[in-house]
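Reassemble the complex: the two chains are provided individually, in unrelated frames, and hints are given to aid placement.
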Amino acid sequence: VEDEEIRAALRRGDVDEAFRRFARAHGRAAYGPCHRIVGARATAEDVMQEALIAAFENRIKMMEVNSLRAWLITIAIRKAYDALRSARRSDRVRDAVAATDLDRDDRGVVDWLAASADQRALQDCLNRLEPDVHAAILLRYREERSWEEIAQLLGVQLDTIRMRVQRGGLKSLKLCLESKNVKP
Amino acid sequence: MTDDDSDAMLDRLDRREPAASKEEAEAREPYERLISRIRDLPDDAPPDGWESRAEARRHQVLGTKPRRRRWLAAGVAALAAAATLIATLVTYCRVPAQQTIPRLTSEVSLVEDTDLRGSGAGIVGDFVEFHVTNSRLPVEVRIYRDDELVDSFSGTGAFGGHHKTKARGTYRVLLIVVRDVKPPPSMGYIDDKRALDAAGFTVIESPEAHLIEL
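Going down the list, the sequences are from chains L and F. The first sequence runs 752 to 935 under this note's numbering. The second sequence runs 2 to 215 under this note's numbering.
With the rest of the complex left out, here is chain F (with noise of 0.2 Å):
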């Protein structure tokens, strides 16, 4: 079969006409194939929460402008790609009324001269975001890096907050729902959770964000 004899056979097949001989028959066959097997591709579905996470990143987008790396060379436009944590919402939660929970997103911004989007990888400097959406009582937000505490922030409502990384590691987000007990002091991550597991406390985990310096 010659180029253009292919040609025309694959512009029958895609009008779905029938073959035009027994050669063409047996010769648009891997193509049926091939076609079918395209069809065929497995629908891979997106983490659990994708949703969620998408609309908080759109919020994010509309709500701050792209921030550029101030220290970098001048006339280096750097581009700011934010490296969104997948958001998988651990909730320890006792509480039977969903719309009583808060959300948490955090992400690590990272502020690249390279354009790359990344997944949480990012240096030291970079800063760790956080957003609570949907909080009707006071929340406490705890960063740790490891198993230590690095910064803490409260409030009520919708509000953010970013901590900016000093050392490499691995950082998570804990947010407390504060109800009529204030959380004990904290005494490291896992004992943190632990506890606050044990009192009884609302508890939203974000995901890990492992800082790795370049």
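Bound-form chain L, shown alone (with noise of 0.2 Å):
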């Protein structure tokens, strides 16, 4: 219904009531995965924020997409992977960034040590997949998507990324899990 809404703002021509409902909508959906991913929450809101404005500025896919929020995610995790990836480009920039991060994101850190043990392995083990794997999962297990959705917003076929997501993501998440002495 809120997805509808939203594309019913955007015919209408109501942008900014469009966004303001899709952000409100979907945006702390897209969050928690960029916050898992990057680890600051300074910064994980930064690509939050950059998901969805890529997202809504795609108006042909934002009126064809079967849920907004399983595309913004997708797009969010990736974007989440690519910040991590240029963070860690450069070790002056990395320190700066974590200088910075560890000034303003004590709330982070607090949320950090309040996740159990059991639900910080998990995550260190889902941020080792490859980003495509990673947003798979989420998309599956916590979104509860369907594998043909799945693969039309990864743009991969079917058949491999259910593949990829059996044999390459669950099976590691078990391994990586046991490896830390976690009961998978």
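Hints listed in this document are in silico derivations from the structure and should not be mistaken for laboratory results. For clarity, every value in this text was computed on a predicted model and none was experimentally measured. All residues carry an ideal CB built from backbone N, CA and C; glycine is no exception. Be aware that a few hints might be false.
Partner residues aside, some chain F positions facing chain L, computed with beta carbon under 8 Å [what the hints assert, rightly or not]:
#1 P31
#2 L35
#3 I36
#4 P48
#5 W51
#6 R54
#7 A55
#8 R59
Residues of chain F placed beyond 12 Å of chain L at every Cβ, according to the derived structure [unchecked claim]:
#9 E149
#10 G161
#11 R180
#12 P185
#13 F202
Right, dumping it as structure tokens:
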């Protein structure tokens, strides 16, 4: 229903209202994966904003995808990995970001410490997966999207992504958790 | 269990079909728990005020072209990365009607030759930018480096401005709503905040931007 209201606002040219609704309805769902991938709240919000804007500016997709949330999460996860890779590219820059984030990100640290050790281990293992596999796992098991939709969102063959999730994803996660002495 | 058996098991699990055997039921237990853990990962909440910041950023992206650092070596296409500061608005508000309170967003615009999406980190020469919206009354915007006032602007309605940084330090932006009385001249960031608050001014403060020289 929310997605239809967003599209209706777009159709009548009320772009600001459409964006507000889009952000309110789905931004939070996109923030979670960003935060878990990049670690710092400020950076995660930055990435989430980029994803929201990038998604929103692709009006054709906005009008045609089944689930705006699933689509936004896919974009957000890819952008989060891009941000992580960029930050890792330069030690100097990474240190600067880390220093700034530490100053401004106390709540992020608190959230992280408050999560159970098992959740932290699972997140760490998820972050070791390929971005698309990571995205597909979240879309499949958290957002409960169909394989058809996931394949369409990621622009890959259905059988390929399903096989990568099951063989490369779930099995890797299980092994990774076992290596951390966490019972999967 | 062979790899093929294992794949078939995961297929059945995915389709929510019952296990084909007792052995398979045992083998799929860890995967069932794993999927349940994924489903139960906590739903992190973004910092307060994120919706208005997202909206402000969208307007900014639409309204301005990405800037390039012109003094970089020719041919290097610098990627402009906007390091949006968390614009948690701290209001020292004595005005009951929320609609009359202007919104302030500020950021340090980074222009780097890497595509880092930073979080406030920048270099000397980057700009501290601010945008004011929803301002029906005149406002004064002051930009401080550490405790020192380095720039000020005034305007009404929606407007923005920027200050080119000349030294590293902690940058802050203060928006003061001007009603009948002009705000007192600056005595430094901390004293200004104290004096403005004591005098009953509506003051909106941006979060800090730490500028670290790389």
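Against the structure, the hints come out as follows:
1. A cut of 8 Å between beta carbons decides the hint on P31 (chain F): the least distance to chain L is about 4 Å, and the hint holds.
2. Residue-level restraint check for L35 (chain F) holds (minimum Cβ-Cβ distance to chain L is 5 Å; threshold 8 Å).
3. A hinted interface residue such as I36 (chain F) counts as satisfied when its beta carbon comes closer than 8 Å to some beta carbon of chain L; here the least separation is about 5 Å, so the hint holds.
4. With 8 Å as the threshold, the beta carbon of P48 (chain F) comes within range of chain L, its nearest partner Cβ sitting at about 6 Å, so the hint holds.
5. Hint status for W51 (chain F): holds, given a least beta-carbon distance of 6 Å to chain L, under 8 Å.
6. Interface hint status for R54 (chain F): upheld, as the beta-carbon distance to the closest one in chain L is roughly 7 Å, under 8 Å.
7. Restraint check, A55 (chain F) versus chain L: the minimum CB separation of about 5 Å is within 8 Å; hint holds.
8. Interface hint status for R59 (chain F): upheld, as the beta-carbon distance to the closest one in chain L is roughly 5 Å, under 8 Å.
9. Against chain L, the non-interface label of E149 (chain F) holds: every CB pair exceeds 12 Å, the least being about 20 Å.
10. The beta carbon of G161 (chain F) sits about 18 Å from the closest Cβ of chain L, which is more than 12 Å, so the claim that it is off the interface holds.
11. No Cβ of chain L comes within 12 Å of the Cβ of R180 (chain F); the nearest lies about 29 Å off, and the non-interface call holds.
12. No Cβ of chain L approaches the Cβ of P185 (chain F) within 12 Å, the least distance being about 30 Å, so the stated non-interface status holds.
13. The Cβ of F202 (chain F) sits about 26 Å from the closest Cβ of chain L, beyond the 12 Å cut-off, so the non-interface label holds.
Of the numbered hints stated above, none is contradicted by the structure.
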